[in-house]
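> Each chain, letter by letter, is given below.
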Amino acid sequence: MSKSETSHSGHPHDHAAHDHDHHGPATGIKRWLFTTNHKDIGTMYLVFSLIMFFIGGAMAMLIRAELFKPGLQLMDPVFFNQMTTNHALVMIFGAVMPAFVGLANWMIPMQVGAPDMALPRMNNFSFWLLPFAFTLLLSTFFVPGGMAAAGWTLYPPLSLQTGDAFPMLIFAIHLMGASSIMGAINIIVTIMNMRAPGMPLLKMPLFTWSWLITAYLLIAVMPVLAGAVTMLLTDHFFGTSFFNAAGGGDPVMFEHIFWFFGHPEVYIMILPAFGIISEILPTFARKPLFGATSMIYAIASIAFLSFIVWGHHMFVDGMPVAAQLFYMMSTMLIAVPTGVKVFNWTATLWRGSLTFEPPMLFALSFLFLFSIGGFSGLMLAIVPVDFQYNQTYFVVAHFHYVLVPGAIFGIMAGVYYWIPKWTGHMYNMALAKWHFWLSTIFVNVLFFPQHFLGLAGMPRRIPDYAVQFSDWNMVSSIGGFFFGASQILFAILIVQCIRGGKKATDKVWDGAAPHGLEWTLSSPPPYHSFTTAPEIT
Amino acid sequence: MSAAPVRRKLQIRNAALGLATVALAFYFGIIALFIVRSHH
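Protein chains in written order, with the working numbering: chain A, 175 to 711; chain B, 2 to 41.
Quick caveat, the hints were computed from the structure, so don't treat them as lab data. The C-beta atom is built at its ideal place from N, Cα and C for all residues, glycine as well. Be aware that one or more of the hints could be misleading.
[Stated by the list, open to error] Label pairs and their in silico Cβ distance ranges:
(1) B:L11 with A:F655: 27 to 37 Å
(2) A:L207 with B:H40: 41 to 51 Å
(3) B:L34 with A:G337: 27 to 37 Å
(4) A:L499 with B:L34: 19 to 29 Å
(5) A:A604 with B:V7: 52 to 62 Å
(6) B:V7 with A:I482: 33 to 43 Å
(7) B:R14 with A:A521: 37 to 47 Å
(8) B:L34 with A:W524: 44 to 54 Å
(9) A:G674 with B:A26: 44 to 54 Å
[What the hints assert, rightly or not] Below, simulated DSS-like cross-link-like pairs (lysine-lysine); rule was C-alpha separation at most 30 Å, straight line:
(10) B:K10 with A:K377
(11) A:K377 with A:K681
(12) A:K607 with A:K676
(13) A:K204 with A:K461
(14) B:K10 with A:K204
(15) A:K677 with A:K607
Work out the full structure, taking the sequences as your base and the hints as a guide.
Structure follows, in structure tokens:
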């Protein structure tokens, strides 16, 4: 798709000349509190996510420190359980999801040629709910009984034993859910109503497409989680028995509705990363994306399948053989569209003029390491195999491969790809490559041995373990400490890039030009981009 | 304001309200489903 920057009247579109017609940002704290600008809100989401990444990361470091050797070292078991529970909640709802929403806020209006998001004031509200939600969640550290410790899945009856933190946790989840739903509504409405004239849906950039599908998933499943935790709340405080067997309820039904939310949630955290990788590989291979339309159908198929596979999280609960077979087969079916994507990415690289800048390195690492997580997922989909692996470290290894070198590397690839456009500065390439290599090496040192531990039978969510698991736990913890420390480089790079650096060109990357409207804007883009709709020819 | 921007504004409002209604329907729907189920 080629674009020209002419306005509808046919005159050259000069952003600088237009800027005097539009107000710039407010100054001081007011800019951030009251902003309705998609770039400001995107920045706030990304900064918030980075802070949460380090808070969740600190919890992970405590977990790995405790597991460095057998025996209880640093904390009592209840505090260990609090750390595992809140590490998950912070990383999922505080780090990964807001990071993708931040990228969506920055990039979707720029990719579809819109001046801003469709509902800018709601955009501000959906961001500002998050700091309150996480202040509430993290402040449970100070209440009697401490933080929630029943696991992020909040299964009753265990979760109902949470102390004073319980209502705070439930309210925090409601706030996070409301924020996500409003963000999703905004994204769908923006994409469906504010695309530049001449941009049909199938010609939209893949990142925007992946977010359109993700937003529908969010609207379908976040209210279900909110409904489930509301029922937990009424069971705890108002004497209902939705999940209380003594009152005629059924705790297994909570698991069903939780995983009806939980499995699509996994895809909510990975589909936007698929979109980012689909943007980066063509740029650094200097080739169009292979099978772009099939990529869209593959993402849509994965999204559809995510609604019918939730039972694979519950094989050991006991279910009819027909249900086991259904969930096993439908789960394995996900490998088909995922295989289409991996094949298309590989075919995009085939005979391309490859260069290996940091976004490309992270994208390639994603391709290999996410596939490892995908393969271990296929193993877990097999019912009799799951009976063996369930509740072991093999599961921990699986989902961390999907979420760390999958979702988080996808986010990092996206930040390294677009940050020169956002700030107008190139970052320190050598330092970024150091960040890449340290992250890629140590993420494997951290998580690969956990496969061995799981296969040998080490249970998850325990602060102590039998001595035969010592060696690989020590290796995993060392990997964890180095992986955690190397993320400081990421924060340093971002701060440096915001403060200054070599001037970025408008195109930023050699191969970037044909792959999206964002590269037609200046670096950094004007405060209000596309005040006149770009013409797509 | 010409007709086109007004129409777009209405489309945006209606789309947002429609999606919000779907979300609320899922929220109250799942709770209603459990209440109905508990009476059978």
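> If a hint holds in the structure, say so; if it doesn't, say that too.
Here is what the structure says about each hint:
1. B:L11 with A:F655: 27 to 37 Å: 56 Å, violated
2. A:L207 with B:H40: 41 to 51 Å: 48 Å, holds
3. B:L34 with A:G337: 27 to 37 Å: 30 Å, holds
4. A:L499 with B:L34: 19 to 29 Å: For L34 (chain B) against L499 (chain A), whose Cβ atoms are near 25 Å apart, the range 19 to 29 Å holds.
5. A:A604 with B:V7: 52 to 62 Å: For V7 (chain B) against A604 (chain A), whose Cβ atoms are near 54 Å apart, the range 52 to 62 Å holds.
6. B:V7 with A:I482: 33 to 43 Å: Between V7 (chain B) and I482 (chain A), where Cβ atoms are some 42 Å apart, the hint holds.
7. B:R14 with A:A521: 37 to 47 Å: 43 Å, holds
8. B:L34 with A:W524: 44 to 54 Å: 49 Å, holds
9. A:G674 with B:A26: 44 to 54 Å: 50 Å, holds
10. B:K10 with A:K377: 24 Å, holds
11. A:K377 with A:K681: Measuring from Cα to Cα gives roughly 20 Å; hence the hint holds.
12. A:K607 with A:K676: 17 Å, holds
13. A:K204 with A:K461: 44 Å, violated
14. B:K10 with A:K204: With a Cα-Cα distance of about 27 Å, the restraint between K10 (chain B) and K204 (chain A) holds, given a limit of 30 Å.
15. A:K677 with A:K607: Roughly 19 Å separates the two Cα atoms, so the pair holds.
The structure shown violates the earlier hints numbered 1 and 13.
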